[in-house]
Amino acid sequence: MSVAAPSPDDASLPVGPFLRASSLHVGAAAAAAALRRELVDQGRLSASAFDEAYAVARLTPGTNLLAMYTLLGARFAGWRGAFTALTVGTLVPALIVVALGAVFVAYAGYPLAQKVMQGARAGAIAVFAWAVVRLLRPQLQQHRGRGIAVAAVTLLLTLLLPIPQFAILLIAGGLGAVFLGNES
Amino acid sequence: MNAVVLYFLLLRATALSFSGFASVPVIREDLVVKRAVLTDQELNSAIAISQASPGPLGLYVVVVGYFVAGVPGALAGALALASPAILAIPIARAVRRHRDSHVRGGSAAIVIASCVLMAMTTVRLAPDAAPNVQFGVLAIVGFIALASGRVPPVVVIIGSACLGPLLA
Numbered sequence: 001m002s003v004a005a006p007s008p009d010d011a012s013l014p015v016g017p018f019l020r021a022s023s024l025h026v027g028a029a030a031a032a033a034a035l036r037r038e039l040v041d042q043g044r045l046s047a048s049a050f051d052e053a054y055a056v057a058r059l060t061p062g063t064n065l066l067a068m069y070t071l072l073g074a075r076f077a078g079w080r081g082a083f084t085a086l087t088v089g090t091l092v093p094a095l096i097v098v099a100l101g102a103v104f105v106a107y108a109g110y111p112l113a114q115k116v117m118q119g120a121r122a123g124a125i126a127v128f129a130w131a132v133v134r135l136l137r138p139q140l141q142q143h144r145g146r147g148i149a150v151a152a153v154t155l156l157l158t159l160l161l162p163i164p165q166f167a168i169l170l171i172a173g174g175l176g177a178v179f180l181g182n183e184s
Numbered sequence: 001m002n003a004v005v006l007y008f009l010l011l012r013a014t015a016l017s018f019s020g021f022a023s024v025p026v027i028r029e030d031l032v033v034k035r036a037v038l039t040d041q042e043l044n045s046a047i048a049i050s051q052a053s054p055g056p057l058g059l060y061v062v063v064v065g066y067f068v069a070g071v072p073g074a075l076a077g078a079l080a081l082a083s084p085a086i087l088a089i090p091i092a093r094a095v096r097r098h099r100d101s102h103v104r105g106g107s108a109a110i111v112i113a114s115c116v117l118m119a120m121t122t123v124r125l126a127p128d129a130a131p132n133v134q135f136g137v138l139a140i141v142g143f144i145a146l147a148s149g150r151v152p153p154v155v156v157i158i159g160s161a162c163l164g165p166l167l168a
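In order, the protein sequences belong to chains A and B. With the working numbering, the residue at position 123 of the first sequence is 123, and numbering never jumps. With the working numbering, the residue at position 22 of the second sequence is 22, and numbering never jumps.
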């Protein structure tokens, strides 16, 4: 059933779904799916409004999931809803992860903890490397030659010029806005 | 390190990334290589801890902040993680006005460039993450498990952590 998005003036933010999505689900995909179930399937928001927020979040710098929370919050209650959803989505998992970090620091000197963390770090590098493949593959499929050119320019800039990596990203963004933006 | 300075360094990295881990190369360059306030081991540990916890991938930034400057650093990390999300509202307006092609092109190029930098960072982090053959094999098995699409990252992290004492 399609449900019209509530106007920011006449609705308040349902905090519960954001709280549960950010505290019970590992990874952005699981959190987004849980939020969709609670908001769309239960008729609080239209599917098109949710999908638009999801798509725009993919274009927003930073963490896509938090951008989606912000947009959905704004749908329900304007800027107040945006800030509330963003705060819930950031602070709840941040508190959990800081607690885990504190445990790590407290037990870092124990040999068993060191071995456990060595294993976890090996797993983390696998997750990190897989993230590269998962991110790059659809971009190269979509942009092909120009995408490979952007990758090559990035590699050359990184290897040949002593410029900071954020500057390389800015240059790539500028090139992409001109050359990849006109592609489609 | 001052938490305000840390916030702006982390913000610079998060604001130029389009996925959770895409900020890792810039953060490594700033905090590990240039300022030496963080080690590769701590950066790897931050990634591992964040993957075993609810929330988005980019949450490792909060742990990095905590390792560098304690609770104020964690707060700086959380703010740096959240701040770029505000940009979603003006971007949504631009998209609705059909001026999104340049935004899409720019963000796609930043994702591609980020992947190149992330691949180079993977190579630089690998010696700490896999210091011997056993842990190298563990990382490769984890990668294959993820590529199969049947194993979520949290299982790879927790499984690897459980195997750590047997392999060390």
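The hints are simulated quantities; they were obtained by calculation from the structure and are not laboratory data. Here the structure is a predicted model, which is why all the values come from computation and not from measurement. Do not rely on the hints blindly, as some may be mistaken.
What the hints assert, rightly or not - Per label pair, the in silico range of CB-to-CB distance: (1) 105(A) x 162(B): 17 to 25 Å; (2) 33(B) x 43(A): 46 to 54 Å; (3) 145(A) x 70(B): 16 to 24 Å; (4) 140(B) x 137(A): 15 to 23 Å; (5) 37(A) x 93(B): 34 to 42 Å; (6) 149(B) x 41(A): 19 to 27 Å; (7) 140(B) x 29(A): 19 to 27 Å; (8) 37(A) x 8(B): 34 to 42 Å; (9) 165(B) x 43(A): 44 to 52 Å; (10) 168(B) x 80(A): 21 to 29 Å; (11) 148(B) x 152(A): 23 to 31 Å; (12) 178(A) x 162(B): 25 to 33 Å; (13) 41(A) x 70(B): 37 to 45 Å.
Ideal Cβ positions, reconstructed from N, Cα and C, are used throughout, including at glycine.
Going down the list of hints, with the structure as the test:
1. 105(A) x 162(B): 17 to 25 Å: 21 Å, holds
2. 33(B) x 43(A): 46 to 54 Å: 51 Å, holds
3. 145(A) x 70(B): 16 to 24 Å: Distance hint for residue 145(A), residue 70(B) is violated at roughly 48 Å.
4. 140(B) x 137(A): 15 to 23 Å: 19 Å, holds
5. 37(A) x 93(B): 34 to 42 Å: 28 Å, violated
6. 149(B) x 41(A): 19 to 27 Å: About 24 Å separates the Cβ atoms of residue 149(B) and residue 41(A), which means 19 to 27 Å holds.
7. 140(B) x 29(A): 19 to 27 Å: Cβ of residue 140(B) to Cβ of residue 29(A): about 24 Å, so the range 19 to 27 Å holds.
8. 37(A) x 8(B): 34 to 42 Å: 37 Å, holds
9. 165(B) x 43(A): 44 to 52 Å: Distance hint for residue 165(B), residue 43(A) holds at roughly 49 Å.
10. 168(B) x 80(A): 21 to 29 Å: 51 Å, violated
11. 148(B) x 152(A): 23 to 31 Å: Given range 23 to 31 Å: holds, Cβ gap about 30 Å.
12. 178(A) x 162(B): 25 to 33 Å: Taking Cβ atoms as reference, residue 178(A) and residue 162(B) lie about 49 Å apart, which means the hint is violated.
13. 41(A) x 70(B): 37 to 45 Å: 42 Å, holds
Checked against the numbered hints listed earlier, the structure breaks hints 3, 5, 10 and 12; every other hint is satisfied.
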